[in-house]
Amino acid sequence: MSKDKFVLLGTEIPKGKSAVLELEVAKLHTSNSLKVPVIVERGKEDGPVLLLLGGVHGNESNGVAIVRDVIRKKYNVPKRGTIICIPVFNVFGYLNLTREFPDGRDLNRMFPGSSKGSLASQFAYKFTKEIAPFVDYVLDFHTGGADRSNYPNVRCNINDEKQLSLAEVFGAPFLMHSKYIAHSIRETVHKLGKTIILFEGGKSLQLDKSVIDCGVTGALNVMKHLKMQDGDVQVNSDTIVIEKSKWIRASYSGIFESAVENGQKVTKKMLLGRISDPFGKFEKKIYAPFDCYIFGLNTAPNVYKGDAIFHVSVNK
2 MSKDKFVLLG TEIPKGKSAV LELEVAKLHT SNSLKVPVIV ERGKEDGPVL LLLGGVHGNE
62 SNGVAIVRDV IRKKYNVPKR GTIICIPVFN VFGYLNLTRE FPDGRDLNRM FPGSSKGSLA
122 SQFAYKFTKE IAPFVDYVLD FHTGGADRSN YPNVRCNIND EKQLSLAEVF GAPFLMHSKY
182 IAHSIRETVH KLGKTIILFE GGKSLQLDKS VIDCGVTGAL NVMKHLKMQD GDVQVNSDTI
242 VIEKSKWIRA SYSGIFESAV ENGQKVTKKM LLGRISDPFG KFEKKIYAPF DCYIFGLNTA
302 PNVYKGDAIF HVSVNK
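In this note's numbering, the protein residues as written are 2 to 317.
It is worth saying that the hints were derived from the structure and are not from the lab.
Below, simulated DMTMM-like cross-link-like pairs (lysine to aspartate or glutamate); rule was C-alpha separation at most 25 Å, straight line: (1) Lys130 with Glu42; (2) Lys18 with Glu131; (3) Lys245 with Glu162; (4) Lys130 with Asp5; (5) Lys75 with Glu23; (6) Lys45 with Asp5; (7) Lys269 with Asp239.
This structure is a prediction, so every number in the text was calculated from the model and none was measured.
The whole structure should be built from the sequences, with the hints applied where relevant.
Here you go:
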């Protein structure tokens, strides 16, 4: 998107200038407006428009911290093109430390939204109409939900050449093929002809410096790849590509103890963990069904039968 005039949310941002805009969410009961800050930095030279998005789920703190650190380090001030940062997208959820919108809906299942739908749907609609059409690339930062911790991984449709290229230069330890989820931001942005990849790392309501650093480095790599910033991409030659994955689920309810680390490579029949009852009557061991990498781990002390406990790669 290369042009002399760039207008977002009714405000023109000239080359070499910045702006802090506001995307209105809703009126509160007190008649005050709740607005999402949208931080825009435009380079002096033409180039693409990149959106960095954090906090789609309000309790996913690492994503917010990644976008914050990009701003703090001034990586969001491009040499070329325009970088838009929205550190906290779901302001309601962020304030209440919850995943959902106040209407109980998952914002990331409400796109493209409706002007006459639920609160979450209306907000999704505003983004789809007022932000998404004006960007070329999107980095969407997430963490594991509930008691699940994700080892840093970037997700894309590996059959899409632009997405794969972006995911490769991002440089996370794992690169996972991921189908589009209906009514997600990712699906909607893709349908608009834009390129989007998603980063997952850590768990909700917990800051993890290694995850944050990985996300910040990945964002900077993408900026360099797109020629928005100068410098060489920090290539990660050890990135593991996962084309297919599955969750190993608990066969019993009880106290869950993992015997392996997140991110670890395990071999078939290797001990992964144990499930036992609180009274010392039984202990059930969990073994690896095949050689695989573990990139998602349930960190809850207690699990129920059927709970997802290990997210693992599956060989072709």
